[in-house]
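**Student:** Please take these sequences and the hints and turn them into a complete structure.
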Amino acid sequence: MMYDVVIVGAGVIGGMLARQLSKYRLSVCLLEKENDVAMGASRANSGIVHGGYDPEPGTLKAKLNAEGVEKLFNVAAELHAPILRNGSFVCAFGTEEEENTLRELYERGQVNGIPNLSLISGEEAREMEPALSEKVSLVLNVPNAGIVCPYELTIAAIGNAMDNGVCLKTNYAVNGIEKTEKGFTVTSAAGEVVEAKYVVNCAGCYSDKIAQLVGDNFFTIIPRAGEYMMLDKTEGSRVSHTIFQVPSVEGKGILVSPTVDGNLLTGPTAIKVADPACTETTPEGLEQVARLASKSVPSVNFRQVITSFSGVRSSEKNGDFIIIPANGVENMVHVAAIDSPGLTSCVAIADYTIELLREMGLVTECDPTFNGTRENPHAFREMNDDEKDAYIKEHPAYGKIVCRCETVNEGEIRDAIRRNPPATDIDGVKRRTRSGMGRCQGGFCMPYVMRLLSEENNTPMEQITKNGAGSEQLKHRI
Amino acid sequence: MIVEHDIVIVGGGPAGMAAAVAAYDSGVTDVVILDREPGLGGILRQCIHNGFGLHKLGRELTGPEYADAYLKEVEARGIKIYTETTVTAVSPDRVVTARNREGILKIQAGAVVLAMGCRERSRGALNISGTRPAGVYSAGTAQKLINCEGYMVGKTVVILGSGDIGLIMARRMTFEGAKVEAVCEVMPYSGGLIRNIEQCLNDFDIPLYLSTTVVEIHGKKRVEGVTIAEVDEKRRVKEETKRYIPCDTLLLSVGLIPENELTRSAGIPIDPITNGALVDENRETAVPGIFACGNVLQVHDLVDYVSDEAEIAGLGAANFVRGSKSEGASVETVPGNGVRYVLPQRVHTETGKDTALFMRVTQPFGKVRFTVKSGDEVLATAVRLKAAPGEMEKIVVKGDKLAMAKAPITVSLEVVK
Chain F
0 MMYDVVIVGA GVIGGMLARQ LSKYRLSVCL LEKENDVAMG ASRANSGIVH
50 GGYDPEPGTL KAKLNAEGVE KLFNVAAELH APILRNGSFV CAFGTEEEEN
100 TLRELYERGQ VNGIPNLSLI SGEEAREMEP ALSEKVSLVL NVPNAGIVCP
150 YELTIAAIGN AMDNGVCLKT NYAVNGIEKT EKGFTVTSAA GEVVEAKYVV
200 NCAGCYSDKI AQLVGDNFFT IIPRAGEYMM LDKTEGSRVS HTIFQVPSVE
250 GKGILVSPTV DGNLLTGPTA IKVADPACTE TTPEGLEQVA RLASKSVPSV
300 NFRQVITSFS GVRSSEKNGD FIIIPANGVE NMVHVAAIDS PGLTSCVAIA
350 DYTIELLREM GLVTECDPTF NGTRENPHAF REMNDDEKDA YIKEHPAYGK
400 IVCRCETVNE GEIRDAIRRN PPATDIDGVK RRTRSGMGRC QGGFCMPYVM
450 RLLSEENNTP MEQITKNGAG SEQLKHRI
Chain R
0 MIVEHDIVIV GGGPAGMAAA VAAYDSGVTD VVILDREPGL GGILRQCIHN
50 GFGLHKLGRE LTGPEYADAY LKEVEARGIK IYTETTVTAV SPDRVVTARN
100 REGILKIQAG AVVLAMGCRE RSRGALNISG TRPAGVYSAG TAQKLINCEG
150 YMVGKTVVIL GSGDIGLIMA RRMTFEGAKV EAVCEVMPYS GGLIRNIEQC
200 LNDFDIPLYL STTVVEIHGK KRVEGVTIAE VDEKRRVKEE TKRYIPCDTL
250 LLSVGLIPEN ELTRSAGIPI DPITNGALVD ENRETAVPGI FACGNVLQVH
300 DLVDYVSDEA EIAGLGAANF VRGSKSEGAS VETVPGNGVR YVLPQRVHTE
350 TGKDTALFMR VTQPFGKVRF TVKSGDEVLA TAVRLKAAPG EMEKIVVKGD
400 KLAMAKAPIT VSLEVVK
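If you read the sequences in order, they're chains F and R.
All residue numbers for the first sequence refer to numbering that gives the first Met the number 0, where the first residue is 0 and numbers rise by one.
All residue numbers for the second sequence refer to numbering that gives the first Met the number 0, where the first residue is 0 and numbers rise by one.
These are computed hints drawn from the structure, not numbers from a lab.
A couple of the hints might just be wrong.
If you only want the chain R side, here are some residues facing chain F, beta carbon under 8 Å, derived [stated by the list, open to error]: (1) 101; (2) 119; (3) 130; (4) 151; (5) 155.
Pairs of lysine-lysine residues, derived as DSS-like cross-links and limited to a Cα-Cα distance of at most 25 Å, are as follows [said to hold, decoys possible]: (6) R:241 to R:154; (7) F:392 to R:220; (8) F:208 to R:79; (9) R:405 to R:324; (10) F:474 to R:366; (11) R:105 to F:387; (12) F:474 to R:219; (13) R:219 to F:271; (14) F:208 to R:220; (15) F:22 to F:181; (16) F:399 to R:105; (17) F:392 to R:79; (18) R:79 to F:399; (19) R:366 to R:416.
Backbone N, C-alpha and C fix where the C-beta goes; we use that ideal spot for every residue, glycine too.
**Tutor:** Have a look at this one:
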């Protein structure tokens, strides 16, 4: 069939675009080269809703960040994606240079139209945030900022898009985009073909490669890796705000932040890497994270680290988002170089992109059947004991806890395997349910999760993967 | 609706079962066991090797056989068992909340025995750098997949950590046709039992590299190899010793952590060394009527000792229900020279009963003499030809000596020439 729009890349940008397009009478297809959605930058980043004081006034980043905050809070609520307005602190550590930078950021925030910014003293900040270092002398208080789970937001957006008719094709590595009389043919490495009238390139770290398929060479993505350490929930209430540092020579943006799931996140480093698939952690990187995080919040107990990881974001030399029509062909848009504050801006980016598509001639007629509310996957855990009891009596699988660390039950895991977008591997179940994300890191629940995947998908155990082909967990039946 | 039971036991592994039987046999028969698995026995169910029961039952059994021996005793007494039932909360006033396929269960317990066991330290806790591919398992997870699910997890294996599970799994993987390239231990000595080093490594020519660790994991989708390196006495990596070992599997046997989330939620103070609750000689925690035993209290080397400890806790719980608990003066126990911890952390001194103290040493020693003192009063001494952190020590203090303890009791050791 000929789709109206094909989106290349099922990260938070492609996913949110698909969801916003699903409001209209349009056929939309979302292509993803990995086995699941949210597998690039959307899988591993800081999960911050940035206030918007940081981007240079006049840039796309400044515009879309400022617009994006409230849009994101609204859409996340509709999608039941966990989001929390915890506010952020940007800290100066006693030097005049740092304090001046904070004042500049404050002024920039005023120009960008960011509400309720204030500069507060170290003492005032410590009254609100007692674990903050004694060395903190001045703080930019950003009350409109927040935290969100990036992969859950992506999964929720794509799930809602699919519920509204969007087609998701995973394991579809685009290797050709040909202009035809009617539109495009978008081919995969495996030889599949999808046809579309409009194409949007949301391929993250690979967006320059996708652009090259239509002859566009005007931007080059610089993949930048950031390493993080995630701490147990025992550390989760160490701070309530997201604590940033004024950018300095030593590091740029190591933060200490609670997560929407109740853990404590520290990181990231920022290291240029050659290969966007390079998500290795390094002893030096992790050491740097611990050292700089301790500078802001000295009491963080790094013995409570439960996992460390690295995420790669797609930067570009000019530093701004690239959201423009393709040069080489008509009816194609590149949405590229979406690094921070891309997550914050994702809804605004989607809406801005739809505006570009309209200018190209895409007709967007509202679909009256569109339902923007996604069923709450966390409904059970938000119930009180009596409600849970009643629910279990109707749905016994909800009474069987599979992941003890995160209290995830069999019913929730089966739902995650059945609901859009379906989890097809162990990591997919983990990102949707948190099973295996706790302190034991799947030691106890992994065999059980594998059995449920095997049962639900009628797949032999040996074929169950961690994250797609090649990552099989078992060798053979004994 | 809240139901009532005299004793609720959280966890039906070896500790929970032995505690239940001991409580029942002392006369408190309204005992229930709650367990999250489909059957009782806990981790013993996946420990199909032998070596269990020599001390306690006088027979050499496999893990499942040891579990079955206790299960028979539990069933013979008609002790109520809830399986596939996970406890989600224990309150300080002993209301136990659990969940199973039938709904939410709330029990007001006369006494609670915590017997949840322990979990393995994960890769995340070690912060090993590199990629995050498939093929990295904790040794116990691999053991479960092989022994209970019936699937082989890999063909070429490196094992990090020479704890007992790692040693057992080195042999188990070899039996199933895998090549175990190396067992690496970051410490200059193994934390496992000596018999396991002999029977699981030496008998199969599997090399054990001491003061050596895994510094990096390689492979995008599945493990392709690991970099190992020697460490100095401060556990710093010696860069020049780095070497790559190709393998498709990395097993981690790097320590066990008592699973005390429920304990903490009940407001029970935890010993930072054992990672288990602070208890007295009855294994009663600082919250009255809540007892703890087995690997949730301290990680044991032998299941036989778990059963012993659980009997103390079961009896303590029964006595609490009867209203006859230890009273009077009590003193703390303190680890002295060469001793890492002493359990129980507090003892009542006027009970007139002999009391066993359990401890681990800080490092391997040759011949040593342990001295148990309170102030200047020597309460007990014991000589051992060898002492190692992997082997728990037990010293009994006589009741009449204990009555002389007016100050904290210190256990220390000196090396005997």
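**Student:** What's the verdict on residue 219 of chain R and residue 271 of chain F, does the C-alpha distance respect the 25 Å limit or exceed it?
**Tutor:** holds, 19 Å
**Student:** So, residue 130 of chain R near chain F? Judge it on the closest CB pair being under 8 Å.
**Tutor:** holds, 5 Å
**Student:** Given the hint that residue 241 of chain R pairs with residue 154 of chain R, does the C-alpha gap stay at or below 25 Å?
**Tutor:** Status holds; Cα separation ~23 Å.
**Student:** Checking one constraint from the list: CA of residue 208 of chain F to CA of residue 220 of chain R, max 25 Å. Satisfied?
**Tutor:** holds, 22 Å
**Student:** For residue 22 of chain F and residue 181 of chain F, compute the direct alpha-carbon distance and say whether it is at most 25 Å.
**Tutor:** holds, 24 Å
**Student:** Is the shortest C-beta separation between residue 119 of chain R and chain F less than 8 Å?
**Tutor:** holds, 5 Å
**Student:** Quickly compare the C-alpha distance for residue 392 of chain F and residue 79 of chain R to 25 Å and report which way the hint goes.
**Tutor:** holds, 22 Å
**Student:** Do the numbers back the hint for residue 155 of chain R, that is, is its least Cβ distance to chain F under 8 Å?
**Tutor:** violated, 11 Å
**Student:** Tell me if the straight-line CA distance from residue 79 of chain R to residue 399 of chain F falls inside 25 Å.
**Tutor:** Roughly 19 Å separates the two Cα atoms, so the pair holds.
**Student:** Are the Cα positions of residue 392 of chain F and residue 220 of chain R separated by 25 Å at most?
**Tutor:** The given pair, whose Cα atoms are some 41 Å apart, is violated under the 25 Å limit.
**Student:** Take the C-alpha atoms of residue 474 of chain F and residue 219 of chain R, compute the straight-line distance between them, and say whether it is at most 25 Å.
**Tutor:** OK: residue 474 of chain F and residue 219 of chain R at ~17 Å, within 25 Å.
**Student:** Checking one constraint from the list: CA of residue 474 of chain F to CA of residue 366 of chain R, max 25 Å. Satisfied?
**Tutor:** violated, 47 Å
This entry does not satisfy hints 5, 7, 8 and 10, going by the numbered hints stated previously.
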